[in-house]
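Chain Y is fixed; fit chain S onto it per the hints.
Below, each chain spelled out in residue letters.
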Amino acid sequence: MHPAAIPLGLYIHIPWCIKKCPYCDFNSHSAAGELPEQRYVDALLQDLQQDLQRFQETRSIGHIFIGGGTPSLFSPEALARLLTGVRRQLPWQEQVEITLEANPGTFESRRFAEYRAVGINRLSIGIQSFDDRHLRRLGRIHCASEAIRAVQIAHTAGFENINLDLMFGLPGASTGDSQDDIETAIALQPTHISLYQLTLEPNTYFHKYPPALPDDEQTYLEQRHCQHLLAEKGFRQYEISAYGLRQRQCRHNLNYWQFGDYLGIGAGAHGKITRSLPDNIIRTWKIRHPGHYLENTGNPRVGGSQTITRAELPLEFMMNSLRLHAGFSMDSYIARTGLGPSTLEPALSKCLQQGLLENRGRHYRCSTKGRDFLDQVLAEFVA
Amino acid sequence: MDQSHIRNFSIIAHIDHGKSTLADRFIQLCGGLTEREMSSQVLDSMDIERERGITIKAQSVTLHFQAKDDEIYQLNFIDTPGHVDFSYEVSRSLAACDGALLVVDAAQGVEAQSVANCYTAIELGLEVVPVLNKIDLPSAEPKRVMAEIENVIGIPADEALKISAKTGVGVEDVLNQLVEVVPPPQGDENAPLQALIIDSWFDSYLGVVSLVRIVNGSIRKKQKIIVMSTGKSFLAEAVGIFTPKRTEQDVLHTGEVGFIVAGIKDIFGAPVGDTITAADNPAAEALPGFQQVQPRVFAGLYPVSSDDYESLREALDKLHLNDAALHFEPETSQALGFGFRCGFLGMLHMEIVQERLEREYHVDLITTAPTVIYEVETNGNEIIMVDNPAKLPDAGAIKEIREPIIQANILVPQDYLGAIISLCIEKRGVQKDMQYLGSQVALSYELPLSEVVLDFFDRLKSASRGFASFDYEFKRFQPAALVKLDLLINGEKVDALSIIVHRDKSQSRGRELVEKMKELIPRQMFEVAIQAAIGSKIIARSTVKAMRKNVTAKCYGGDITRKKKLLEKQKAGKKRMKQVGKIDIPQDAFLAVLQVGKD
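In order, the protein sequences belong to chains Y and S.
Residue 1 is where the first sequence starts when you use our numbering, and the numbers rise one by one after that.
Residue 1 is where the second sequence starts when you use our numbering, and the numbers rise one by one after that.
Just to be clear, a hint being listed does not mean it is correct.
Claimed, not checked - Below, in silico cross-link-like pairs of lysine-lysine (DSSO-like), each with a Cα-Cα straight-line distance of 30 Å or less:
1) K369/Y with K505/S
2) K518/S with K20/Y
3) K20/Y with K554/S
4) K505/S with K427/S
5) K554/S with K575/S
6) K505/S with K350/Y
7) K554/S with K233/Y
8) K20/Y with K565/S
9) K549/S with K350/Y
Hints are computed from structural coordinates only; laboratory data are not their basis.
All of these numbers come straight from a predicted model, not from anything done at the bench.
Pulled out of the complex, with its shape left as it was, chain Y reads as follows (with noise of 0.2 Å):
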């Protein structure tokens, strides 16, 4: 398959928040004082018309993802500028899916018609509980009732398509919690959930002082609950931690996973291009302090960029397509790496023998025990 059939995508990360939470290892900076919104646009755009010059980019991109940090910190003129600048930049498909992360706050949610009236066709409010004490404990700074409050709002301005983020496996978390916290998020009428259990990443305050969690036993409990209860509702869980509503999955994610092309501007944001297969495709990354990417004006943004070499390609393709319950067909194994399927052996045929992949013809997923053991069947790809 020529490169051009592969899809396109384009992430921009917004790095700010008014707090870093204990547990986020994302790149993200307390906001101090007033936002630069104006020359951060301006360096966005520089930055994309970078990228497209040096990829000779010409395909036409199908998402958009604006994530942080919190990209609601800025203003619905700043985001109107980003996008119109992008429009111009890059040709666009009908039916662009523009997601938005936001904060649940007050604040934010007093402007999410008008982030709805720029484009933004897609809300992932970042919720994480409905239990003060647990958002507490997390560090957020909103409290339950706001954020009840906030998908209200978000349907009344007109978004169709709602994630909402929840966290289970929390400290001090007792059994039930999470599927109190599952009711309430279904009763909004979200169009998709994001279910992710907490854990303790490298560089993040929760990992320096960690907080006791509850034992695996009630933290894989709580995880089958909470997914019956999803799936009673329709939500189908399509991806370890995505669950969507039947034609609500994440157009701009769904890409991710099945190893499809982004390109990734602001500070620290990656992206993947395949300029030629199997040996030209390339991931990307931006320089990762705000400051340095500001001040870094008429230079590219560059923090570096790395060819995956050959050896690496069936784990990264693994790493991503073994994540979605439909897993891949060997077809798009072939389509987005250049590689043949001997590339994928001997670990393919062991994991089928262990029973952690299944395959239905040239098609291959997760057993449902491979997907409680990802990592390991991952360990097997790598080179």
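This is chain S only, laid out in the frame that chain Y set:
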């Protein structure tokens, strides 16, 4: 140098009593090194030695000292190890000397091991010169310690010099006294060459380097020599002394101590204790060598990766060259594959060999639980020596198992006597003698060696706040109610995890062991049952619960590189584990037995 102006000596001192500091002072005083070259404690040249503050291997340094009589003397100082495991090495160094300094901490007093080493020196006919060190400490009690030297060791101490190696007080007097008291070598310069190999080691540039004492005759550079035990001849490419820098010379004379490099590439070419003689005028007889040392502790050493088997063999060969006490022979284990059964002097020796193999030779190792050697009489009246629990015949075929018994000589301040006696009883000891010597008590106990090798030394130290000391010697094999304790993982016996224990302790050991294994074996995708068994009877059981899941919660196209590194690290970690059946067992689990039976 004329023999009358040569003095060969060692220092007998307990760890921390200041031997290395004193040696450094000597070197400084005689101008062996410039200030800049004096990195602290120059003699402990192995990293391990410096890190642990102990001396393992003999080394020498030649000093030129202007004594009170204004004459220049050549002082050859042969360094000795200071840990109970290495008493064999001490006797080797002492055999090359005519005198020894007994350095005693003026605050702490005499320790058991110095006593044992002093006896060795006296037996070898050495002149022992007592010195009280650390006299600058406020807690120093020279009177008491002098009395102790006389009472415990039985040598006069009223003339003992009171010095401080740290401040330098009295150091020069020590050298003067050495010159006066220690006799010069009594060799025959005109006799055929006889050089005693004190130590040999492998240098990657020079080949084998041997430290020798010229007992009779002399050796020149470019002379043809013969190693007497093998009859092989070599060309002495270089001879010389350590100052402590390696300094080449044209000749080594009678009575001198120095090195020989003879292009010996085969590491067994110059065994320690052997005699070197001249090819054109060989000596009729070899010098009396050293007593062969018997290893006391045995363990299996296996490469984590079977590809490393050959490099492990080579590394062991090289270590063996200057560590005659290290024994090894190939063995196989169902669980661990091909490896070596190694014999060591004690636990510290084992740890040091392990560490050197990993650090200097980069071999990743799995070490099995250390064991002593047992004498087993079968029903067929056959006597076999068992140094590997897995090789113990079935209980039905055994008439009697006999375990090694040692005599421990312990010196302990009175305050800690009760605690030490309790420890000895716990370790199945039988008291043989007890004597009050001033403020210290000399205890003599017979103890099973198996109870001593694991942690006796550490326990002794902690029970006496570091003040008790001990030395031991092998006595005999003695029948005991011993059983083999097997460990089963998911129903399969893992041969490398079997141990031999006393019947009375088997229940508690079994329980502790399965609990410890439960902690050490990581959770797997399935449940892992751990059982301890004696014969077919299961005496303890524990379960490593199955892992519920192992999956990264969040992964977007974004920063996939870190997750990738994590997976790579996981895989590398897994490589360092040993797969027994379907189960991954980490390296340290094979040593779990060392971590049980301790309070």
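Identify every previously stated hint that the structure contradicts and give their numbers, smallest first. Of the numbered hints given earlier, those the structure breaks are 1, 2 and 6, listed in rising order.
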